[in-house]
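As a plain string of letters, each chain reads:
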Amino acid sequence: MKIIRLSEVRDKIKDLVQTANFELQDDVLDVIKDMESKEVSPAGKVVFEQILENSRIAREEKLGLCQDTGLAIFFVEMGEDVELDKDDGLGSLKEAISEGTRLGYKEGYLRKSVVEDPIRRKNTGDNTPVFIHWELEPGEIFKITFVAKGGGAENMSAVRMFAPAAGQEGVEDFVVETADKGGSNPCPPIVVGVGVGGNFEYSALLAKKSLLRKPLGSHNPDPFYADMETRLLERINNLGIGPQGMGGRITALAVHVESFPCHIASMPVAVNIQCHSHRVMSFEL
Amino acid sequence: MAEHRITTPVSDEVIAKLKSGDSIFITGYLYTGRDSAHKKLIDLITEGKELPIDVKGQFIYYVGPTPARPGKPIGSAGPTTSYRMDSYAPTLYELGLKGSIGKGARNEEVKDALKKYKGVYVASVGGAGALISKSIEEAEIIAYPELGPEAIRRIKVKDFPCIIINDMYGGDLYEEGKKQFRKE
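Those sequence lines, one after another, are chains U and G. Position 90 of the first sequence, counting from 1, maps to 90 under the numbering used here, and the rest follow consecutively. Count along the second sequence from 1, add 1000, and you get the number used in the numbering used here.
A portion of the hints provided could be inaccurate.
[What the hints assert, rightly or not] Listed below are several chain U residues computed to face chain G (Cβ distance under 7 Å; list not exhaustive):
1) V47
2) Q50
3) E60
4) L71
5) L110
6) V114
7) N123
8) T124
9) T128
10) S184
11) G242
12) G245
13) M246
14) G248
15) C275
To be clear, the hints were calculated from the coordinates, so they are not data collected in a lab. None of the values given here were measured: they were computed from a predicted structure. Don't be surprised by glycine CBs; every beta carbon is placed ideally from N, CA and C.
Make a model of the complete structure from these sequences and hints.
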């Protein structure tokens, strides 16, 4: 039995949300530098230079890489043999994560981007509630992954319920069409997360989870989907949208596809668009 | 592609020189405003009331910055996606607004308003909010402080770098750029 103190979780979360918003991770920087070398458009090259300069300033001055420091999204993988020590007045793991987020967004001068109601739209003032996806697993694993997900790219995402007859071609055309429709809006060069299969809500979750894959741009272990990722990246980069939509050869940095079994009648596909400021970080206890 | 240095407020003669694809560096004051602030402004106009800002000759920057660290005028301050302001923008251009700064494509109504009222739509680099903050020297909330990041601020900028996306002649850098690099 592993014992995890909630105060430690809170403190780790407080640091995690700040570091992720200030420091572009090495795997993301590697892909950006690689793609910069492949961009031929002069305007596109300038955008890449500015993205890299921005990441240096954000890291040095502890400034948000982007002013949209995102909804705070967490994936919690927790073993069944983990016991939580509810210390420091923290009543639950959810409370520890929420409190860490509140503290981190406040102390890090990060933007509070959550409204308490979708129609009445009053800012909650502390970037909560947080969004937590729980995964209970055997053993003693305790891993939390944070994604700072901005609104501009999220808004360009889509889910479609295909008939199985649409096949592989239908899936691929939908992904390319979604990237094309997004155009200059989601801050290209984008990262494209695709979830194929599952059902209506699970496909969207798969698409988001595909964005967590490390390192950025690595492939699905199934060669069928790895080939699909390569093909989709090429097709999206042939759209010509380019960095910031100003025209160019690099519209996407990476395409990640995840799949799951589904109903005999269904073929759900979700595309979750992510901006170039791909802020994903984890810790394990 | 030409490079221009402009100072706000700007005249129609200055706007007439700007073409899609040109670089501009703005010095002077800009107003910030995004979704909620625009809704409030348009509600005031609908009710025939006075606006808290005079938009004549001015540029509005679509931004909701991060809070400023002590001693700094502003936090990270890059552009937000502009289409969400499309339904409000033509009314402001009609009132004399000369430019809006954001990222992402505008609809036909906005592009028509640029032609009709002589205005431009320009982009700064989305996701480069830390870098962009270096061009901002002062910031002051002048309306709707209750909106937090969405409050209207008056910011003083120096050589604030942008690219002209839509000019007053119908030019559209996004369309032209995509056409140039698209492979079927």
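Now the hints, each set against the structure:
A cut of 7 Å between beta carbons decides the hint on U/V47: the least distance to chain G is about 6 Å, and the hint holds. Given hint, U/Q50 at the interface with chain G, holds; its Cβ is 5 Å from that chain's nearest Cβ, closer than 7 Å. With its C-beta approaching chain G no nearer than about 9 Å, U/E60 sits outside the 7 Å limit, and its interface hint is violated. At about 14 Å, the closest approach between the beta carbon of U/L71 and any beta carbon in chain G exceeds 7 Å, and the interface hint on this residue is violated.
Residue-level restraint check for U/L110 holds (minimum Cβ-Cβ distance to chain G is 6 Å; threshold 7 Å). Interface hint status for U/V114: violated, as the beta-carbon distance to the closest one in chain G is roughly 11 Å, over 7 Å. For U/N123, the suggested interface contact is upheld, since its CB lies about 5 Å from the closest CB of chain G, less than 7 Å. The criterion of a C-beta within 7 Å of any C-beta in chain G is not met by U/T124, whose closest approach is roughly 10 Å, and the hint is violated.
Violation of the interface hint for U/T128 is found here, the shortest Cβ-Cβ separation to chain G being roughly 14 Å, above the 7 Å cut-off. Evaluation of the U/S184 hint against chain G yields a held restraint, the C-beta minimum of about 5 Å falling below 7 Å. Taking 7 Å as the C-beta contact cut-off toward chain G, the hint placing U/G242 at the interface holds, the least distance being around 6 Å. Annotation: U/G245 was flagged as interfacial toward chain G, and the flag holds, the nearest CB pair being 5 Å apart, inside 7 Å.
The beta carbon of U/M246 is positioned within 7 Å of a beta carbon in chain G (closest approach about 5 Å), and the interface hint is therefore held. About 6 Å separates the beta-carbon of U/G248 from the nearest beta-carbon of chain G, less than 7 Å, and the hint is met. Satisfaction of the interface hint for U/C275 is found here, the shortest Cβ-Cβ separation to chain G being roughly 6 Å, below the 7 Å cut-off.
Hint compliance for this structure: hints 3, 4, 6, 8, 9 are broken, all remaining hints hold.
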